[in-house]
Amino acid sequence: MLEVSGITQIFGGVTALKDVSFVVRKGDITGVIGPNGAGKTTLFNIIAGIYTQTSGRVILNSNDVSGFPPERLAYLGMVRTFQNIELFGQMTVLENVMVGLHTKSRCGMISSALKMPWARSEEKKIRNEAMKWLDFAGIIDLADTVSANLPFGKGRLLETARALASEPSIILMDEPAAGLNSQETWQLSQLIKRIRDLGVTVVLVEHDMELVMDICDRIIVLNLGEKLAEGTPREIQENPYVIAAYLGG
Amino acid sequence: MNREIFKYLFFALVVLITPVFFQGNYLMNVLVFMGINTMLAIALNLLLGYAGQISLGHAGFFGLGAYISGVLTATYSWNPWFAMSFAAALVGISAFLVGFPVLKLKGHYLAMGTLGLGIIIYIMFNETVELTGGPSGFSGIANLSIGTLIFDSDFKNYYLIWTFVLVTVLLSLNLANSRVGRALRALHDSEVAARVMGVNARLLKVQIFALSAVICSVAGSLYAHTMTFIAPPSFGFNFSVELLTMVVIGGLGSIYGSFLGAALLTLLPEILREAKDYDIVIYGLILMLMVMFMPGGLVRGVPELFRKITGKGGGNA
Amino acid sequence: MQFDQLLQFSLSGLSTGAIYALIGVGFSIIYNATGIINFAQGEFVMLGGMLTLFFLETMQLPLWIAIPSAVCVSTLCGLLFERLAIRPLREATPINLVIITIAGSILIRGISMLLWDKDTHSIPSFSGDEPIAIGNATILPQHLWILAITLLIVGINRFYFYHTISGKAMRACAYNRRAAGLVGIDVKRMVLFSFMISSAMGGVAGIIVAPLTMTAYDVGIILGLKGFCAAIIGGMSSGLATVVGGLVLGVLESLGAGIVSSGYKDAIAFIILLLILIIRPQGLFGKAESERV
Numbered sequence: 001m002l003e004v005s006g007i008t009q010i011f012g013g014v015t016a017l018k019d020v021s022f023v024v025r026k027g028d029i030t031g032v033i034g035p036n037g038a039g040k041t042t043l044f045n046i047i048a049g050i051y052t053q054t055s056g057r058v059i060l061n062s063n064d065v066s067g068f069p070p071e072r073l074a075y076l077g078m079v080r081t082f083q084n085i086e087l088f089g090q091m092t093v094l095e096n097v098m099v100g101l102h103t104k105s106r107c108g109m110i111s112s113a114l115k116m117p118w119a120r121s122e123e124k125k126i127r128n129e130a131m132k133w134l135d136f137a138g139i140i141d142l143a144d145t146v147s148a149n150l151p152f153g154k155g156r157l158l159e160t161a162r163a164l165a166s167e168p169s170i171i172l173m174d175e176p177a178a179g180l181n182s183q184e185t186w187q188l189s190q191l192i193k194r195i196r197d198l199g200v201t202v203v204l205v206e207h208d209m210e211l212v213m214d215i216c217d218r219i220i221v222l223n224l225g226e227k228l229a230e231g232t233p234r235e236i237q238e239n240p241y242v243i244a245a246y247l248g249g
Numbered sequence: 001m002n003r004e005i006f007k008y009l010f011f012a013l014v015v016l017i018t019p020v021f022f023q024g025n026y027l028m029n030v031l032v033f034m035g036i037n038t039m040l041a042i043a044l045n046l047l048l049g050y051a052g053q054i055s056l057g058h059a060g061f062f063g064l065g066a067y068i069s070g071v072l073t074a075t076y077s078w079n080p081w082f083a084m085s086f087a088a089a090l091v092g093i094s095a096f097l098v099g100f101p102v103l104k105l106k107g108h109y110l111a112m113g114t115l116g117l118g119i120i121i122y123i124m125f126n127e128t129v130e131l132t133g134g135p136s137g138f139s140g141i142a143n144l145s146i147g148t149l150i151f152d153s154d155f156k157n158y159y160l161i162w163t164f165v166l167v168t169v170l171l172s173l174n175l176a177n178s179r180v181g182r183a184l185r186a187l188h189d190s191e192v193a194a195r196v197m198g199v200n201a202r203l204l205k206v207q208i209f210a211l212s213a214v215i216c217s218v219a220g221s222l223y224a225h226t227m228t229f230i231a232p233p234s235f236g237f238n239f240s241v242e243l244l245t246m247v248v249i250g251g252l253g254s255i256y257g258s259f260l261g262a263a264l265l266t267l268l269p270e271i272l273r274e275a276k277d278y279d280i281v282i283y284g285l286i287l288m289l290m291v292m293f294m295p296g297g298l299v300r301g302v303p304e305l306f307r308k309i310t311g312k313g314g315g316n317a
Numbered sequence: 001m002q003f004d005q006l007l008q009f010s011l012s013g014l015s016t017g018a019i020y021a022l023i024g025v026g027f028s029i030i031y032n033a034t035g036i037i038n039f040a041q042g043e044f045v046m047l048g049g050m051l052t053l054f055f056l057e058t059m060q061l062p063l064w065i066a067i068p069s070a071v072c073v074s075t076l077c078g079l080l081f082e083r084l085a086i087r088p089l090r091e092a093t094p095i096n097l098v099i100i101t102i103a104g105s106i107l108i109r110g111i112s113m114l115l116w117d118k119d120t121h122s123i124p125s126f127s128g129d130e131p132i133a134i135g136n137a138t139i140l141p142q143h144l145w146i147l148a149i150t151l152l153i154v155g156i157n158r159f160y161f162y163h164t165i166s167g168k169a170m171r172a173c174a175y176n177r178r179a180a181g182l183v184g185i186d187v188k189r190m191v192l193f194s195f196m197i198s199s200a201m202g203g204v205a206g207i208i209v210a211p212l213t214m215t216a217y218d219v220g221i222i223l224g225l226k227g228f229c230a231a232i233i234g235g236m237s238s239g240l241a242t243v244v245g246g247l248v249l250g251v252l253e254s255l256g257a258g259i260v261s262s263g264y265k266d267a268i269a270f271i272i273l274l275l276i277l278i279i280r281p282q283g284l285f286g287k288a289e290s291e292r293v
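Sequence lines, in order, name chains V, R and A. First residue of the first sequence? That's 1 in my numbering, and the numbers climb one at a time after it. First residue of the second sequence? That's 1 in my numbering, and the numbers climb one at a time after it. First residue of the third sequence? That's 1 in my numbering, and the numbers climb one at a time after it.
Bear in mind the hints are in silico, worked out from the structure with no lab data behind them.
Think about it this way: if two alpha-carbon atoms lie no more than 25 Å apart in a straight line, the pair counts; the simulated DSS-like pairs of lysine-lysine are: (1) R:7 with V:115; (2) V:104 with V:26; (3) V:124 with R:7; (4) V:132 with V:154; (5) V:125 with V:115; (6) V:104 with V:193.
Beta-carbon label-pair distances, calculated as ranges: (7) V:118 with R:143: 38 to 48 Å; (8) V:75 with A:168: 44 to 54 Å; (9) V:104 with R:5: 26 to 36 Å; (10) A:63 with R:75: 50 to 60 Å; (11) A:214 with R:131: 25 to 35 Å.
Quick partial rundown of chain A residues pointing at chain R, CB under 8 Å, derived from the structure: (12) 85; (13) 103; (14) 113; (15) 267.
Note that the Cβ used here is the ideal one computed from N, Cα and C, for glycine as well.
Excised from the complex, chain V in its bound form (with noise of 0.2 Å):
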């Protein structure tokens, strides 16, 4: 379903990526780990359209998206959640998911101005469905709260609820379980598991090994911008390349 084949990325005199391919597979939940440094964010990145590799193809779908930017992507049916959670802050929890709807509907400016009626049952849709994926992720009871006073593992679960919301085949995720407590990183395997059985392929890069080696159907491992190992969680796991890799052997 997503293929990468031959990414190289230089940022000056650095090569934070080389030669790095794998396929990801349509349905898995695969992981990308690896220590520090090791370029999954830069890969991360090149992959979500926010960065453009130097070298190399991304293929999705069987469609070469290279360079692609973000919001192309979206409408490709490829979203992308943020380490540091990247929220619409003024904005309430709904209209945040609301705005996760955006490749869903149409309205342009002129129809929104005038309020015509197709543009009031849009709306209505937008609303009801919204209200579903708050209800998915857990918070529908927040729906009015102004997202930055979220606390942030719900906020966690805003950003995933919107990613949803726009109905994608792929959704990437950067570090989720980054800065939850473990019954938050718990609920959000669960999460996981149920965004994986609603059909969607996803991909996450993590450094939280427990969560990784649970939920994941196969794992990529990086380390100093290449691809060290690949394979399912327990071949990783007796990957002795791995093991000295994150223990600096």
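Once you've looked at the hints, dock chains R and A against the given chain V.
Same frame as chain V, now just chains R and A:
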């Protein structure tokens, strides 16, 4: 939603009834001005308060609307309504095209870029003397009319202008509470996240910029026809700053706030009749104090102040 | 166009360019130390000229006392501006920071208008008005003063930033604020210094150009913008690149005014500004920045 409708109807009612109290009073002229300034403040607020893009050259679009309408009707005898629409279309398309490169800039650079743009337009007004009359201004612009109804008095112009204002307010409120409005606010809060959700940030910014310019152009045309005389100083940097002050005072991102800011700043020169030369200092002071102590504008700051005061009182009771 | 005309325009362009360079360096210094574009920079230029006038005519002081006094007062204004307007608002959003500096510039301009008046005034040239011939072109002694003083200031600048502890500390702040603070540099004081240096430079610029172009309460806006343009061309460098930027701008403007029309002279600078901002915002010499998410 019903609360919004009620607010709007109340506002419209106040607007429509006010002239009854002021008929014949020279303040009518000020109220006409207030309408023009409200339209301009709303236009700037859509760009600055909602989309978060700063422009220090908005007086330029205002001036373009005024001069295009003025020249086409007075020198070339075009039908005024047609000229107004033509000006709006021309300004809108130009703003759209210019917007693409200019709105790539952010923050301070955008401020400087739009400032430069506004000044270039201002210089054009001054230098194209055969066309615009240059620094001494352009006169002989006819009043607007519909059929046999000629808008030649402050009273009639009041209703003309404020009808446009009410329409602008309505359209802006609709826009703000729509999919597009949310996309704009999302853009303002986190451009990267908005893009990830599919919002075409670049296009949207340019569209709002163009819409904002169109509203300014229409206001300019109306201004030309009500004043019947226009001159470059009304469309320079100082006025762009005045507009900015109106929006900041009223409250960024609040449509009614723009009205409040426009109203206050239109009345200010009247109150300061005696101290005409102090106006620049006062604008600077107001702007500075507002940003320092009430960055949300009056629309948010006053209720909060009220809450603080009554809150304290309630606590001690 | 004749070579003589070309020479004439270029020479006068160089001296106005020097002024733009001084103002531009002022912008850069503040920007590099704080990340803020000080919209009020042009007003310090205005203050230089108007204050000199004040000391000369109202206080009846000789030129050689009036000038340093004007520079001192201008610097003092810079200090006050930073203390009263900038420091309290370090946490403000970018838009609010822009508005604050705009408000500051308006205030300074408004107060100046009240203290003095709206007329344009001239200040006597430093050493007379005998034209000096260079080839078939002529320049005035004031032009030479401008170039000389600009060179002097640029030299002092260079020395300060690269060979004194204080200057190096300021550069450190520009590169990485937090790190600078962590190694014991008083960042707040550096910010204050940057404002003081910029307002001093702006004041000097205003003084040396006033004999040629007259001074009034509102000369700050246009001069400020052109200085900003010089800074942009130079990629916001506080050194040679901005100086070159200013000179280039001055010459282009002068040539343009001569070839096209003098009414549009100011427009030339702004068109160049827009073009650079759009096509090459890092300036002619800067390197492009990439954003880290």
